[in-house]
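Student: Sequence:
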Amino acid sequence: MSSPETPGAVPKRRRRLQWPILVWLTVVWALLWGDFSVANIAAGLVVALVVVVVFPLPPIVFGGKVRPVGLLRLIGRFVVDLIVASGQVARQALSIGRPPMSAVIQVDLRSRSDLYLTLTAELLSLVPGSLVVEVRRSTSTLFLHVLGVHDEADVERARRDALVQEERVVRALASDEELAAYRRAREGDPR
1 MSSPETPGAV PKRRRRLQWP ILVWLTVVWA LLWGDFSVAN IAAGLVVALV VVVVFPLPPI
61 VFGGKVRPVG LLRLIGRFVV DLIVASGQVA RQALSIGRPP MSAVIQVDLR SRSDLYLTLT
121 AELLSLVPGS LVVEVRRSTS TLFLHVLGVH DEADVERARR DALVQEERVV RALASDEELA
181 AYRRAREGDP R
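Numbering follows my numbering, in which position 148 of the sequence shown is assigned residue number 148; successive positions increment by one, without gaps.
Calculated from the structure, these hints are not laboratory results.
Where is the CB? At the ideal position from N, CA and C, for every residue including glycine.
A hint or two may mislead.
Said to hold, decoys possible - Now the in silico label distances, taken between C-beta atoms and shown as ranges:
| # | residue 1 | residue 2 | range |
| --- | --- | --- | --- |
| 1 | Val-61 | Leu-126 | 18 to 28 Å |
| 2 | Gly-97 | Val-28 | 38 to 48 Å |
| 3 | Leu-57 | Arg-171 | 24 to 34 Å |
| 4 | Val-50 | Ile-96 | 47 to 57 Å |
| 5 | Ala-90 | Ala-42 | 37 to 47 Å |
Could you build the full structure based on these sequences and the hints that come with them?
Tutor: Right under this line is the structure:
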């Protein structure tokens, strides 16, 4: 039997209803229709129920612990990255006569956790100038579209920045065992 940390392993889906998702989908339904009548809410609940039953989400396994110092570093650095990248993208957008250079790069993450993969991808996509265009869950691989790439050094810098972002996520949320596994994977990686 494979554990959730095994690449490609899919945790068993829960058979119980996922109430927060039901409520969220019902609210989205009502907002899209712009009508909060009883009939519309009931219709939204029925649609949400069908979606949750037909397309159940796998559970996110969180066996880690919140590390306050790591979490503060993660949030602080994210805010700094957001501000700096916003300025860089604005400068590129205002540059007349020079089209912005970009590339799609492959980043092989070291952690095998779906949660850390998702958080890393979300944080990378929220920073202007980078966007996750594909995720390979089985290999924990991200494909990023990155602006401001002119040469191989820029590609390596973007790859290194993505790996550092993953490290901040792991250091903020990983259990002792997950952190030890991450460190072993990192030491085996020549990057």
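Student: So the hint says 37 to 47 Å: do the beta-carbon atoms of Ala-90 and Ala-42 match that?
Tutor: Once the Cβ atoms are compared, 46 Å apart, the range 37 to 47 Å for Ala-42 and Ala-90 holds.
Student: For the pair Val-50 and Ile-96, does the Cβ-Cβ distance stay inside 47 to 57 Å?
Tutor: 51 Å, holds
Student: Against the range 38 to 48 Å, how does the distance between the Cβ atoms of Gly-97 and Val-28 compare: consistent or not?
Tutor: 43 Å, holds
Student: A range of 24 to 34 Å was offered for this pair. Does it hold for the Cβ distance of Leu-57 and Arg-171?
Tutor: 27 Å, holds
Student: Confirm or reject the claim that Val-61 and Leu-126 have a C-beta distance inside 18 to 28 Å.
Tutor: Holds: the Cβ-Cβ distance is about 23 Å, inside 18 to 28 Å.
Hint violations for this structure: none, all hints satisfied.
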